[in-house]
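Student: Take the sequences, apply the hints, and build the full model.
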Amino acid sequence: MDEATQIRLTVNGRGHTLAVGPRSADVAPSDTLAHTLRHVMGLTGTKVSCDRGACGMCTVLLDGRAVLSCSLLTVECDGSSVTTVEGLADPETGGLHPLQQAFVDHTAFQCGFCTPGILMSTKALLDENPEPTVGEVQEALAGNHCRCITHYHVLEAVQDAAGRMREAALEPGPTVSESSSNAPERDVATGTR
Amino acid sequence: MAAGYRHIGKATERADARDIVTGRTRYLSDLEVPRMLYGRVLRSPHAHARILSIDTSAARALPGVEAVLTHADAPDWRVGTPRVVRVLDSTVRFAGDSVALVAATTEAAAERALELIEVEYEPLPAVLTMDEALAPGAPEIFPEAPGNVVSAGTPWFGPECLTGVRMGDVERGFAEADAVAEGVCGYENIPNPLPAEPPGVIAHWEEPNKATLWVSSQAAYQDKVVLFFAFGRQVDVRTIGGPCGGSFGSKLMSVQLALQATALSRAAGRPVRLVMSKEEHMAAFVLRIGSRIKAKVGMKRDGTVTAVAGDWLVDTGYYSMTTQAQVAVGCGEAQLVVRSPNWDLRSTIVCTNRTASGIVRGFGGQELKCSILPVVSRVMAELDIDPFDFFKKNYVKPGDGYFWRDGQWYTYRGIDYTTAMDAGAAAFGWKDRWRGWLQPSAVHGTVRTGVGVGVHGNVDIGESVSEAWVRLDPHGAAVIYSAASEHGTGQPSNLIKMVAEVLQLPLDRVTMTPADSAITPFEFGPVGSRGTWAMGGASIAAAEDARRKLLERAAPTLGRDPGDLDTCDGLVFPVDSPENAIRWNAVIGREGSVMGEGRFDPDFTLANCMMTFVEVAVDSDTGKVDLRRVVNATDAGTIIDPPGLENQLNGSLGSAGIDSALFEETVYDPATGRVLNANMIDYKWRTFAELPDMKNVVLETPVDSHRFRAIGVGEVATAPGPSAVLMAVSNALGMWMDEYPVTPERVLAALGKVPARGRGAGGTAAAATDSDDLAAGADR
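Protein sequences appear in the order of chains B and R.
Heads up: the first sequence at position 86 corresponds to 1090 in this note's numbering, and the numbers run straight through without jumps.
Heads up: the second sequence at position 161 corresponds to 165 in this note's numbering, and the numbers run straight through without jumps.
Since the hints were made in silico from the structure, they are not lab data.
Keep in mind it's a predicted model, so treat the numbers as computed, not measured.
Think of the CB as a built atom: it goes at the ideal place given N, C-alpha and C, for glycine as much as any other residue.
Any given hint might turn out to be false.
[Stated by the list, open to error] Partial selection, computed: residues in chain B whose CB lies under 7 Å from chain R:
no., residue
1, Thr1048
2, Gly1049
3, Ser1084
4, Thr1111
5, Gln1114
6, Phe1117
7, Thr1119
8, Pro1120
Tutor: So this is what it looks like as structure tokens:
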């Protein structure tokens, strides 16, 4: 590949032009998208565990589809738009996406290492199917390894998030607020949120 | 219920929740240290070999390579109990053992350098199983382990470290029994706890003798202590912990990686990151011990156990730091479940040419229980005793005693768990589903349903020392100095809740320091379910000490005795006239702070308890075993954090728990000793697609621990399930299944539908049932 070759990537809404070449600051032709995101762009929210496409932890959205970033070459993604877990929150306000908020409210994580991948797989599902059955969520997340066994809380959180997102889609005006009538019982008296 | 508490018992947001869902949490492999190099390890293809020569010249000449180490130039730092394993050695002892280390400016260069190292081996005969290792004349792995038997006991538990259980007179006990059963059962499938984040470390050596290590483990301070001894007491060690992407015990044993990274850093003069690939994680990192017991159990008709005798063989692989400790704890825990006046349980730790053993949730007790309970089941079956009734009768009760890991006798002063067991049985519908031994609960065509139950408990909820400091800042905030780093259980957040409760502060006014041994006092770490009582006890004591000092300093200003004062939301006030409140800064001043100290000392007189009920459906056509339902029953005294606890108990499936009876196993090539399924396709793990109906029954009977009257139950959640699965499958099939995991192959072999493949392929059975009988049974 010619050293002057450049590729363009949009990551979390921001355009990047990357030189493809052998120098360490560039994208090597053999670099995976996961490597470029983590080590070139510093977006370490995307996790690498098996690095062989079997655990789902590196899942990101490529033009809206959930893909395994450890198993894609960065050069294959020229001209694409990538969304990582860092791109889920509202870029203006920093407010959490309803999906993220539901995971917080349901403690839908333990060690948290698999959470970014699960969030991105779920985001792709809900974009395509706003009202999935529990079985459809299970199917969509079947490639996401979670060793702590947070599956049960994740399934609750996803159903909750889907409800919040549907409500938000119906309501005009600002995006979803942080709380919802579907949230589990909270102690509001502590003033912690 | 946690009535009257402001935070305790409420579903509060975990302190790190927002960081986790936004990707801001920085795990070890997300860290960059200036001038950091990337380390890689060249690994042996042989299970046992002598290294005749290593040529590293081409690797050293590769651009970007900053250091290459072999056994000839690696420092003589040692790990293991006893200390027999070097950073690099001239003999390799398992397929995957370290041969050479490389540090380079990029991972690619380090990988390439490994390919350029030329090694000449002289293969040696290997002992891949305990039987091979113990055979007369077997090749020895270490001179320090004659006959491949590793020395018993660990100095950590003192001179009387438990190596077995001996009391009473077993021969008299067997004579008094109404039935006696004898048998061999093993839990030898070496399941991998397989945390999501691979093991790793970053090491920075500074001359002449300072090592700073960024670690990924649940017990960062304890890493410092272990490494201090591994470095031969000659190195000033600082460990810095952070978020850990799962451990389940295992990452506490990243010691050898830590030594290797430090050696590379010393050689290169730059920090070195050494993170395992997933393949290395699965084929070269520590795994669960193997366990097999030849046991004899005597019992009376009423379920009273009269005698237990057994020879427990423990396969530790090529070495372990902690196998002796696991034997000690396992022997202690056996006495919690089986109450007998007569014991003769002995242990032998065997060294084999496979991956080393390390800590895995269950820590000896799960392994021993999975091995011995199937033998106990045989006696129960002979006397037609319901296993639920048996466990309820035999689980440790107030006033009972046991030898714990230090060899000392302790009297249990905790609660009676029969109420929790009854609640679990009711939730599961045990009495409706239990049809008797080797009886399926239901048969529909080829699908046979069976139920099983197991129980486990641990006294290590009060083990070891925890220390914490709590600093009060003038603006009404508190900081906990603790080496509690987050590894998934929510323990740091729970300590924050406890301290906030003591000081009556909002949760967001309490934070915790990084788990840095240069900052915090000693912390043994969250292991053995000790987080709630032991770690909580230290933080609570520190908060109480800080509160006491604050009120004493406020007393003159308010003109009252300290005992008349209270604090809430950063104010101090007389209890009888809260309107006269003053702010903390009026007490502390704008410059200064108040520091409280807290400490927990070991207490082996309380135990937790987990009973697990399972229902399985076995397809006699395909041999597939489906886990349909799980009910975990326990009593936590007081629940600190409901969703966190629920998560922990759901974790009974994974991390080498219940699923280790169903499909999890590390498969070794019997010819080469290499791991054949060291990847996440061939190693089977539970996915979202197949989840059993899961229910956790948690009672709250206040227990005499600390002021919140709580104890931990997280670690034990995995332990009762595997033997319960074996029991359930045996009942479903109407024949004894004695090997883990109950794969389709084993089920079909037991049914006579495929050939059995020697040990490790199918149930041994009272074997009265052949395939015709079973087919007839299926038709009924």
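Student: Each hint should be assessed against the structure and marked as holding or not.
Tutor: Comparing the hints with the structure gives:
Against a cut-off of 7 Å between C-beta atoms, the interface hint on B:Thr1048 holds, since the closest Cβ of chain R lies about 4 Å away. The closest approach between the C-beta of B:Gly1049 and any C-beta of chain R is roughly 2 Å, which is under the 7 Å cut-off, so the hint is satisfied. Because the smallest distance between the Cβ of B:Ser1084 and any Cβ of chain R comes to about 20 Å, over 7 Å, the interface hint for this residue is violated. Hint status for B:Thr1111: holds, given a least beta-carbon distance of 4 Å to chain R, under 7 Å.
At a threshold of 7 Å, the smallest CB-CB gap from B:Gln1114 to chain R is about 4 Å, leaving the interface hint in force. About 3 Å separates the beta-carbon of B:Phe1117 from the nearest beta-carbon of chain R, less than 7 Å, and the hint is met. Taking 7 Å as the C-beta cut-off, the interface hint given for B:Thr1119 holds, the closest approach to chain R being about 5 Å. Hint on B:Pro1120 holds. Least Cβ distance to chain R is approximately 5 Å, under the 7 Å limit.
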